[in-house]
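Chemist: Listed here are the chains, written in short residue letters.
Number of protein chains: 2
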Amino acid sequence: MNWLDIVSISSSDDETPKRADHLYLQIVRSIREAIQSGKLPLDSRLPTNRELASLLNIDRSTVSRAYLELSEAGLIESHVGRGTYVKSLVETPKTAAASEFGSGPSIGTNAQRPMVWAEKFSRASQTVNSIVSRQAPASGMQDDTISFGGGIPTEEFYPSSHFQRIVSEMVGHGDVDRMFAYSPAEGDAELRDQVIQYLAEQSMPVQHDELLIVSGSQQGIDLVSTALVDENDIVIIEDPSYFWAICNFRARHARLIGVPVDEEGMRMDVLETVLKRQKAKLIYVMPAFQNPTGATMSQARRRQLLALAREYQVPILEDNFVGELVYDGERRMPLRAEPGAQDIVIHQGTFSKALCPGLRLGWLVAPQEVMTRLRAAKRSSDLTTNSMAQVVLARYLEEGLYKDHLEHVRSAYSLRLKVLNEALEKHIAPIAFTSEGRHKGAQRLTWTIPSGGLFVWAKLPARLSAREFLNYAEREGVTFSPGELFFVGADQPEYLRLCFIQTDEDTIREGVKRLGKALSAFFADVSRARSKESVWKKRGSERVLI
Amino acid sequence: MNWLDIVSISSSDDETPKRADHLYLQIVRSIREAIQSGKLPLDSRLPTNRELASLLNIDRSTVSRAYLELSEAGLIESHVGRGTYVKSLVETPKTAAASEFGSGPSIGTNAQRPMVWAEKFSRASQTVNSIVSRQAPASGMQDDTISFGGGIPTEEFYPSSHFQRIVSEMVGHGDVDRMFAYSPAEGDAELRDQVIQYLAEQSMPVQHDELLIVSGSQQGIDLVSTALVDENDIVIIEDPSYFWAICNFRARHARLIGVPVDEEGMRMDVLETVLKRQKAKLIYVMPAFQNPTGATMSQARRRQLLALAREYQVPILEDNFVGELVYDGERRMPLRAEPGAQDIVIHQGTFSKALCPGLRLGWLVAPQEVMTRLRAAKRSSDLTTNSMAQVVLARYLEEGLYKDHLEHVRSAYSLRLKVLNEALEKHIAPIAFTSEGRHKGAQRLTWTIPSGGLFVWAKLPARLSAREFLNYAEREGVTFSPGELFFVGADQPEYLRLCFIQTDEDTIREGVKRLGKALSAFFADVSRARSKESVWKKRGSERVLI
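From first to last, the protein sequence lines are chains C and V.
For the first sequence, the working numbering assigns the number 227 to the initial residue and increments by one for each residue that follows.
For the second sequence, the working numbering assigns the number 227 to the initial residue and increments by one for each residue that follows.
Honestly, the hints are just simulated from the structure, not real lab data.
Model, not experiment: these values are computed from the prediction.
One or more hints might be untrue.
One copy or any two copies: either way a pair holds, since identical chains are not told apart in the list.
[What the hints assert, rightly or not] For lysine-lysine, the following BS3-like pairs were computed, each having C-alpha atoms within a straight-line distance of at most 30 Å:
no.: 1; residue 1: K505; residue 2: K739
no.: 2; residue 1: K739; residue 2: K629
no.: 3; residue 1: K505; residue 2: K265
no.: 4; residue 1: K502; residue 2: K313
no.: 5; residue 1: K652; residue 2: K685
no.: 6; residue 1: K743; residue 2: K758
no.: 7; residue 1: K629; residue 2: K265
no.: 8; residue 1: K644; residue 2: K758
no.: 9; residue 1: K758; residue 2: K502
no.: 10; residue 1: K507; residue 2: K644
no.: 11; residue 1: K313; residue 2: K758
no.: 12; residue 1: K313; residue 2: K265
no.: 13; residue 1: K502; residue 2: K739
no.: 14; residue 1: K652; residue 2: K313
no.: 15; residue 1: K507; residue 2: K743
Using the sequences and the hints, build the whole thing.
Modeler: Here's what the structure looks like:
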């Protein structure tokens with residue numbers, strides 16, 4: 227939680243003494259807004275008086291006065307020894323209702339009372355809202371910013387001209403009605419045939435009643451979550467993992483247990499320890515080119531994962547979102563294609579990454595009895611998938627165009643990865659962070675090059691915060707995803723994710739150059755601040771740099 | 227619950243005495259399958275020995291033996307005085323695991339054990355599954371069956387030629403990329419502009435931050451449900467109401483309270499009583515041409531509804547799924563367009579019914595603070611809506627083609643409704659049900675003609691079961707939706723819903739003719755059975771006809 231983002235105070239003139247009465251009202255307003263907008267969810271902990279005073283460089287009594295006011299409004303509550311917490315999302319009538327509407331909530335007077343929505347939202351909504359608000363972009367973003375953030379393929383690789391021809395042909399042959407009628411809940415019959423054939427080519431024979439077409443990967447996760455996950459169920463997940471999967475599981479109030487990822491994927495020793503101790507409901511993994519680390523699960527780990535899942539009877543959701551985007555030539559089978567995976571693994575694939583995102587088409591493969599449940603969940607969620615995109619994609623696959631397309635994007639993305647790596651070597655590797663504190667000596671930003679997918683995972687030295695670095699980067703006109711968004715367990719502020727498929731090679735080079743400038747400035751500022759800090763520490767100062 | 231569908235026994239030869247040992251195994255197998263397939267969810271109640279024996283016309287000891295076996299397998303449990311209930315969805319190892327896999331569930335032996343999925347499904351999934359299984363079509367369905375079931379517009383009214391031209395033009399002008407890129411979570415900008423303009427023409431000015439494009443109505447309901455409804459929350463709903471809305475709310479384990487519908491829509495006196503007694507979270511209504519009754523809420527009721535919702539601070543979800551399909555000439559404003567509705571009503575509309583269903587496009591209108599939550603729920607559910615359909619529809623609306631289309635379908639559907647009514651008068655009205663029991667005298671099937679929408683709501687006399695009648699109808703090659711699917715409260719078996727937009731006039735006439743044949747046969751059989759029954763009753767027989 228970056229409290230400087232939440233509590234903003236402005237001192238109009240630094241030369242004049244700060245007016246405490248004004249300041250405390252600014253704090254009250256900031257925190258009230260953060261609570262009511264969902265940035266501060268119920269039960270979230272506020273900084274102590276001392277922490278906030280130190281952070282804002284103001285007197286502790288000012289914070290005390292603000293907290294008292296918020297307490298009286300019923301929004302927060304302090305517990306001796308435990309700290310101060312958000313207690314309610316709505317103010318008690320004494321302040322809000324009374325002042326604005328002239329009376330308390332007695333029934334007769336409600337006739338004119340506007341709806342108080344803040345108290346209506348579900349727990350799922352509170353959770354999603356507070357997670358999504360973390361994703362808000364920093365304020366310094368400019369129009370010509372170069373983005374290594376997100377993970378969206380760009381238009382230059384969409385097979386638009388093929389789609390154009392296919393649509394024209396279908397329209398000419400009177401195939402239009404199928405585009406606009408409901409497709410069956412399980413998906414358009416021809417698209418299903420094509421996906422089954424495509425999966426068979428990946429050594430993954432699938433029966434018709436084991437397949438469901440979905441509106442993109444995210445819906446796949448949502449449906450599996452609906453079918454399997456109850457409140458308080460344990461879901462085991464790679465740590466770090468995909469932001470929107472974390473969000474979806476958290477919205478169901480599942481208990482997420484993160485298992486660390488190394489260069490061979492999810493760590494099986496940790497997984498086994500977790501499974502021994504707790505009865506889990508689901509294991510969610512991205513075995514190929516994991517988001518955000520880019521790690522791919524080794525063959526040995528895959529076998530272990532399947533054996534452990536069977537041993538402890540825990541289903542696996544395999545999210546194969548970029549399985550086809552291989553750059554080192556070595557083709558990897560999906561986990562579901564391994565011997566003995568059929569009755570354990572729910573497999574998910576998508577056309578959003580390798581083809582184009584706007585189709586919103588993906589698929590789920592699951593044992594027949596699970597598929598019955600997934601199909602029912604699909605109908606309850608949105609009845610059926612858009613027909614037009616399915617019909618066009620079915621024809622595209624039928625014409626055998628996807629293979630060529632994959633080769634084309636593989637070589638293009640592979641080149642972009644190579645260029646990013648070279649640019650990082652040139653502009654980033656030389657920049658050293660030096661500090662006189664515990665982490666004495668020159669340290670650098672490091673990164674790992676994946677063998678496929680969309681992402682390079684990088685790490686700042688000395689546990690520096692990538693979120694802080696992002697402010698510097700955006701001022702230079704370049705952006706990335708701070709890694710803290712993706713962690714389930716302990717905060718690991720020093721990671722950042724760079725998506726390399728979104729811009730051409732020259733733009734990548736320019737972006738990394740900007741990143742280099744930002745990094746130099748960031749390192750210099752932090753070094754300066756840390757050396758001051760160590761001076762203060764030597765002086766025994768109370769002040770803490772956060 | 228139709229137990230004859232669940233417990234099927236076959237007596238190979240009616241002349242020979244039924245072999246009890248064989249029979250009891252058939253019962254065990256049927257019920258085990260029903261439990262494992264989800265037809266019989268956890269905690270569902272089984273018939274008593276006497277009821278089932280009477281229903282199957284077999285000896286009570288045979289049922290006892292079957293129940294004992296199921297009990298020993300751990301699947302069911304009997305409580306004296308309370309009845310017999312489904313206790314577990316999986317058999318205890320003694321029978322299933324032991325016989326098939328040679329040992330109990332100790333860890334070492336799990337290495338070969340197939341995944342037991344039945345115990346993995348969420349409570350939401352159990353609920354949805356048991357609701358959806360009620361919807362399964364009867365077995366007698368033939369290929370040339372004429373359908374008054376469902377509620378799907380047919381291809382002849384899709385604006386395919388316009389769409390064809392638009393797609394060709396857009397493709398020719400290089401607008402293709404927008405079709406295949408991600409659209410923003412809130413929807414394609416041009417489609418949003420068009421929908422806002424369309425709503426303004428319905429006296430419903432809407433701000434940009436109050437609108438969300440969704441993948442059809444069902445997703446709208448799903449998102450509102452996600453944003454507002456927690457387990458055990460009370461959702462007030464018209465009784466009867468839309469099947470998939472009921473399903474969605476039930477999946478969240480909301481407590482549904484049905485408020486009866488009369489010719490002026492939801493009954494406000496009942497609603498007020500409910501609101502006085504219980505704190506509700508949401509009121510779900512279809513004010514125009516309600517599904518399934520076809521009823522439209524009067525102006526007075528609309529005002530009362532808004533006043534009550536404000537008084538008791540309960541948000542309303544207005545599902546305006548066929549608001550534009552008016553046949554009596556009188557245009558109705560959406561509820562959200564009423565004065566004072568803006569901060570209370572979440573409004574939902576769709577292009578699926580009046581235009582074509584395969585686009586999967588609809589919209590939600592809500593106050594800005596609610597929209598923030600709905601947008602987050604959308605992203606967590608499926609990130610964003612299919613771009614292609616949005617882009618094509620935006621252009622279609624921009625060209626002003628929707629108005630003409632609406633006039634065209636209004637006059638076509640209006641004619642079909644007229645033809646259905648005439649055919650019912652001709653082929654159904656003359657058929658009388660006569661019985662010697664309590665309901666002595668000639669009684670008939672009755673129906674109401676709506677002033678718009680898709681459905682005619684009909685009622686069998688003497689509380690006869692529409693589900694039973696459906697078997698007769700399907701044997702004659704005609705089908706409809708039994709009304710019991712739509713009720714939330716007490717069982718009302720005598721209703722049926724006829725959708726009149728799906729076939730041309732001649733087919734409607736032929737369908738009603740078949741319905742008439744089926745009705746004659748059904749009435750005759752029931753009359754016969756009831757007169758036998760009354761003879762048995764006079765004899766003091768124990769046997770009960772169910």
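Chemist: Would you mind marking each hint as holding or not holding in the structure?
Modeler: A quick look at each hint next to the structure:
Taking CA atoms no more than 30 Å apart as the test, K505 paired with K739 passes in neither setting, with 49 Å inside one copy and 59 Å between copies. Taking CA atoms no more than 30 Å apart as the test, K739 paired with K629 passes in neither setting, with 35 Å inside one copy and 54 Å between copies. Taking the shortest Cα distances, K505 and K265 sit within 30 Å of each other only across copies (27 Å), while inside one copy they are farther apart (32 Å). Within a single copy, K502 and K313 get their C-alpha atoms only as close as 36 Å, which misses the 30 Å cut-off; across copies the closest is 27 Å, which meets it.
Taking the closest pair of Cα atoms, K652 and K685 come within 30 Å of each other only inside a single copy of the chain (17 Å); across copies the shortest separation is 80 Å, beyond that limit. For the identical chains of this complex, K743 and K758 are intra-copy neighbours only, at 23 Å inside a copy versus 95 Å across copies, given an alpha-carbon limit of 30 Å. Taking the shortest alpha-carbon separations for K629 and K265, neither the intra-copy value of 45 Å nor the inter-copy value of 43 Å comes in at or below 30 Å. Taking the shortest alpha-carbon separations for K644 and K758, neither the intra-copy value of 40 Å nor the inter-copy value of 86 Å comes in at or below 30 Å.
With identical chains, the CA atoms of K758 and K502 are never at most 30 Å apart, being 48 Å at best within one copy and 64 Å at best between copies. Taking the closest pair of Cα atoms, K507 and K644 never come within 30 Å of each other, the shortest separation being 40 Å inside a single copy and 55 Å across copies. In the homo-oligomer, the alpha carbons of K313 and K758 never lie at most 30 Å apart, since the shortest distance is 38 Å inside one protomer and 68 Å across protomers. Taking the shortest alpha-carbon separations for K313 and K265, only the intra-copy value of 14 Å comes in at or below 30 Å, while the best inter-copy value is 43 Å.
For the homomeric pair K502 and K739, neither the shortest alpha-carbon distance inside one copy (48 Å) nor that between copies (66 Å) is at most 30 Å. In this assembly of identical chains, K652 and K313 lie within 30 Å of each other by CA distance neither inside one copy nor across copies; the values are 51 Å within and 67 Å between. In this homomeric assembly, K507 and K743 never come within 30 Å of each other (Cα to Cα): the closest approach is 46 Å inside a single copy and 53 Å across copies.
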